[in-house]
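Trainee: Given the coordinates of chain A, work out where chain B should sit on it, guided by the hints.
Take a look at the letters that make up each chain.
Number of protein chains: 2
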Amino acid sequence: MNSKPRIVEVRQNVLKHNDEVARALRQRFHNAGVFVVSLVSSPGAGKTAFLEKTLTRLKQRDLRPAALVGDLATDHDAARLARSQAPVKQITTGTLCHLEAAMIQQALEEWNLEELDFLFIENVGNLVCPSSYDLGENLRLVLLSVTEGEDKPLKYPTIFNTADVAVVTKIDLAEAVEFNWAQTNANLQAVRRDMPVIQVSAKTGQGMDEWMAFLASASRSADRTPRG
Amino acid sequence: MNSKPRIVEVRQNVLKHNDEVARALRQRFHNAGVFVVSLVSSPGAGKTAFLEKTLTRLKQRDLRPAALVGDLATDHDAARLARSQAPVKQITTGTLCHLEAAMIQQALEEWNLEELDFLFIENVGNLVCPSSYDLGENLRLVLLSVTEGEDKPLKYPTIFNTADVAVVTKIDLAEAVEFNWAQTNANLQAVRRDMPVIQVSAKTGQGMDEWMAFLASASRSADRTPRG
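Residue numbers (this note's numbering), protein chains in the order written: chain A, 659 to 886; chain B, 659 to 886.
Just chain A, same shape as in the assembly (with noise of 0.2 angstroms):
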């Protein structure tokens, strides 16, 4: 196979290209005072459920957060998310499996980002193609619910282990999947070694104060961090 090598090369262009175009939104981000945190998992992990609660629950505080999310089709999720009167919009990927750094930046260009406090971005539902791109973020969060096997983290090690924080969701579920949880944290562990796990469940609220705790102090961390 010739074309081998001539992917390979494309593929560091675009990647190339992405850091910088992540590396200049990171700067905006910071300039602007907006805590960004993009969310990737599998299809069906439940990020729509778990970012609606937590924009609902950022409002309730009279902050300011706003999301992005990425889907091949449909604008369901924007419409779900739109529920909680937080400014939201859809980027439709087509056929591409992950968002890119200047989907971001196109997205953005209507927003004023001085008017938010947390930007949301929500990734296209995939545990492969997502791990390799920038998106100029403070805080990358992998989302695992009980249902999908304990598994996962050495099946998909390297998305888990670009990622800041996993969630492991829908956990009003363990019970009737046989989860385990301490499997699970030893997998996730043996990736991502002290990886912060937060457990939830977006239907019965439980965890939701300690994910909301987290981020307070992920993002006032943030503040005291100089970038470039």
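Note that these hints are calculated values from the structure, not bench results. Be aware that a few hints might be false.
[Claimed, not checked] In silico EDC-like pairs for lysine to aspartate or glutamate, Cα to Cα no more than 20 angstroms straight-line: (1) A:K747 x B:D809; (2) A:K861 x B:D775; (3) A:K711 x B:E836.
Mentor: Below, chain B without anything else, positioned relative to chain A:
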């Protein structure tokens, strides 16, 4: 972005090459009288559990199944499937989010296809990447668990549109997650009209008889269909 057209071109070459290898594989499978089913789904939808039960049931009927299983890392799935006593081989894809026909070709090198009745190919857990890669299979099966939400066919139309049959898994959890069967089926039919859909639980065995009957019927009609 000047690199854009170049990526498309390279990708088309890769796909063209894949199609050629897949065509040769399909002919080989036909000549050997082996019926080939590929399985695609998001991570954690239950491909391996479903496949383990399928292999075991086929073995009980004195049929000769085998399986190839793709993963980025680990050989856990191959170890699980091997409990069925069927021949199983793991294909480790590294960072690649799908299997390609050439990987199947290589993995089959040491096997005598004449000694098999069924070959199952479990793709990497991903609802995007595998859609464009023909593996020479007779039947592409897409799995969707009740815990993933009813909207997945609309959000990942390409993979559902290229599938021949849908299997809804973890049906034992349907009540706990308030699964809406009518909505799911409507969404499946919207992207792929007249798609057969089978509801199963690998845990309780529900629906497995129906699946085995479907498989037997599909393999019989393949015998009568000339290919080339």
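Trainee: So if I understand the rule, the pair passes when the alpha-carbon distance is 20 angstroms or less; does K711 (chain A) with E836 (chain B) pass?
Mentor: Satisfied, since the Cα-Cα distance of roughly 19 angstroms is no more than 20 angstroms.
Trainee: Would the pair K747 (chain A) and D809 (chain B) pass a check requiring their Cα atoms to be no farther apart than 20 angstroms?
Mentor: 19 angstroms, holds
Trainee: Does D775 (chain B) lie within 20 angstroms of K861 (chain A) when you go C-alpha to C-alpha?
Mentor: Violated - the C-alpha atoms of D775 (chain B) and K861 (chain A) are around 46 angstroms apart, more than 20 angstroms.
Checked against the numbered hints given earlier, the structure breaks only hint 2 and satisfies all the rest.
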